[in-house]
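**Student:** Here is how the chains run, residue by residue.
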Amino acid sequence: MHKWLVRFAVSCALGCCLLAVPGNAQSPATTQVAPPAAESVTTQVTDRIAQLEQQVTDARTSGDNAWMLVCSALVLMMTGPGLALFYGGLVRKKNVLGTMMQSFTLMALVTVLWALFGYSLAFHPGGHYIGNLGYAFLSHVGAAPDPGYAATIPQQTFMVYQLMFAIITPALITGAFAERMKFSAMVAFMTLWSIFIYDPMAHMVWGQGGLLNASLGGLFPTLDFAGGTVVHITSGVSALVCALYLGKRLGYPKESMPPHSVVLSFIGACLLWVGWFGFNAGSALTAGSLASSAFVATHFAAAAAALGWAGAEWLRNGKPSVLGAISGAVAGLVAITPAAGFVGPMSALAIGLMAGVFCYLMVAKVKAWFGYDDSLDAFGVHGAGGTIGALLTGVFATKAVNPIFKDSHGNASAVGLLDGNAHQLLNQAIGVLMAWGLAIVGTLVILKVVDLVIGLRVREEHEVEGLDLSQHGEEGYYLEA
Amino acid sequence: MKKIEAIIQPSRFDAVKNALHALGVEGMTVSEVRGHGRQKGHTEVYRGNEYTIDLLPKTKIEVVVAESLAEQAVQAILKAAKTGKIGDGKIFLSKVDDAIRIRNEEHGDAAL
Chain U
1 MHKWLVRFAV SCALGCCLLA VPGNAQSPAT TQVAPPAAES VTTQVTDRIA QLEQQVTDAR
61 TSGDNAWMLV CSALVLMMTG PGLALFYGGL VRKKNVLGTM MQSFTLMALV TVLWALFGYS
121 LAFHPGGHYI GNLGYAFLSH VGAAPDPGYA ATIPQQTFMV YQLMFAIITP ALITGAFAER
181 MKFSAMVAFM TLWSIFIYDP MAHMVWGQGG LLNASLGGLF PTLDFAGGTV VHITSGVSAL
241 VCALYLGKRL GYPKESMPPH SVVLSFIGAC LLWVGWFGFN AGSALTAGSL ASSAFVATHF
301 AAAAAALGWA GAEWLRNGKP SVLGAISGAV AGLVAITPAA GFVGPMSALA IGLMAGVFCY
361 LMVAKVKAWF GYDDSLDAFG VHGAGGTIGA LLTGVFATKA VNPIFKDSHG NASAVGLLDG
421 NAHQLLNQAI GVLMAWGLAI VGTLVILKVV DLVIGLRVRE EHEVEGLDLS QHGEEGYYLE
481 A
Chain X
1 MKKIEAIIQP SRFDAVKNAL HALGVEGMTV SEVRGHGRQK GHTEVYRGNE YTIDLLPKTK
61 IEVVVAESLA EQAVQAILKA AKTGKIGDGK IFLSKVDDAI RIRNEEHGDA AL
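Going line by line, the protein sequences match chains U and X.
Note that the numbering used here numbers the first sequence so that position 399 is 399, with each residue one more than the last.
Note that the numbering used here numbers the second sequence so that position 31 is 31, with each residue one more than the last.
With the rest of the complex left out, here is chain U:
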């Protein structure tokens, strides 16, 4: 690229292209008509090259930044209204607002935490397990890129993009304790969870210096393109712990508690699918071909998984359900999350299909066997889907898509099992285990603390009355009005 620029610039200069560029903010008006002596031609050529280089950088930034800002918006949309609708439709009518309020509150709460110190803890270069407070109040986080993370976009964009991940991760957990958690307890729980579980996990996998960071030389490089471990395993396993600790809903499983609006859930799921392009393809952090690859892998996995779940249901129950199909799509999206920028399209289809069937069995069979009330299947879809996705990433990741590992000569080396690197599966397993471990231990501690100080579960009368009225004094649908 560089060489051609030089040749082009030189031929222009010699061909008398000493044109002033009026109104161009990038080039200061320094063009003076001077006799074409050798030294001043060289200076002009050097200046011109510098100018062109700046313009190229700006153009790249422009494209990448536009894409990343849109992706940030897409990921936020996944929480609100995507997840809010998806979960809201699955609960009973009397709890629809309470459920949506949980997601919405996190959009606000996590933002503030992230701004004050969350981003700093997660992404400031630092130790193996956590960053530090160097970026507290977002100091030093501005227009200049951080080349360690994303060299072509302002760090502010990177920060706000990561914020959207920090928001949706705890929101996923709310599915496990739906319809029975005190709002005040949820706020306290999520504050602690975001600081003590999300920030360290994000740092370990994505932060500079992180123990599991695959692209920045972590000790146990875990391939996690968009957050299979950071987002889905931590939230899904946490969800299981919450479901077990809080106990079942009153009347579960004897009482009939079907979703009050599969319509809302459908809309939410479709918003999740579309938003996930921002989640996965945006994790390329540029608008280049890796983003395209991740976009395609994401979409293919969702499609295959929807068919997988619906097909499994069709075989087992005689009818494919809408709820099953959309849940399948979500499961596929979860599973492809760690793999999106590492696997090819056909592998994505395979991963999706496997995840769709696997998560269906987790939800339809395993949950019933063990009898836990993971109300909205946060563990069954995110915990299980994230785990299988992270492991399959170790199988299907290939240097043909993303040459993330280089040997001592700088050549791309095998990435996953199919490439010939079986060792990566071990690293994936380590990453998975760390996520499970952190989620289990951390969540138990936080639950205990919040339970002692505030009390986690609503009173029986409030649970019967419904969270909308008892926690928020509102009704979701006042249709007689």
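No false leads were mixed into what you were given.
DSS-like, lysine-lysine: derived pairs with alpha carbons at most 27 Å apart:
(1) 40/X x 254/U
(2) 3/X x 95/X
(3) 319/U x 85/X
Keep in mind the hints are simulated off the structure, nothing from the lab.
Take the given structure of chain U and dock chain X to it, following the hints.
**Tutor:** The following block gives chain X in isolation, referenced to the frame of chain U:
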């Protein structure tokens, strides 16, 4: 005056309404209800959980008619609502002590 409460299949509602109008019955109250007689419900499955839905959607029509019209009204409803299958519904008859038009406080048959 007689009150006729008819719980029918929602799909038969238009036919019943038209039949009553044809008879000259001008007032009715219609509600969407759920219920069952001896008809069993059906099973719905959400994410592997089976739910038995015993309360089925029905339409309830309540009309109050003059004694003289009651028998014809019942026949009209029966004819329009019957499909011959289980789940057709039921008709209940009761005596009404009085009826009053709120606008002008007319009583009895004149209020119907």
